[in-house]
Amino acid sequence: MALDGTLLYEGAAVAELRMRELRPAEIERYLDLAGEDALASVGCYRIEGVGRLLFDEVEADQAVILGLPIAGLLRYFRSVGLVGP
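Sequential numbering of the sequence shown, starting at 1, is according to my numbering.
Honestly, the hints are just simulated from the structure, not real lab data. Heads up, the beta-carbon is just placed ideally off N, CA and C, and yes, glycines get one too. A few of these clues could be false.
Simulated restraints, written as ranges between beta carbons of each label pair [said to hold, decoys possible]:
(1) G81 x A25: 53 to 59 Å
(2) G84 x D56: 35 to 41 Å
(3) E57 x D4: 38 to 44 Å
Taking the hints into account, I'd like the entire structure generated from these sequences.
This is how it looks when you write it as structure tokens:
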């Protein structure tokens, strides 16, 4: 996040997802359930939907997986008084 060319906040977060081993029939079933959503997503899954069924293990805040590590950003906003506790 920058203001007038000055960097105000910079952060990074890591998500670790371990996909299940899937048989062709399971992939077909998933694609039937996901429908067009599968084709509209990077990686062909949406973790907030039936895509969660593809994974054995998910270690991350869902917001990190969706692309915005909101927890760190909110900590910054609180530290500078932009949002309350």
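Outcome of the hint check:
| no. | hint | result |
| --- | --- | --- |
| 1 | G81 x A25: 53 to 59 Å | holds (55 Å) |
| 2 | G84 x D56: 35 to 41 Å | holds (38 Å) |
| 3 | E57 x D4: 38 to 44 Å | holds (43 Å) |
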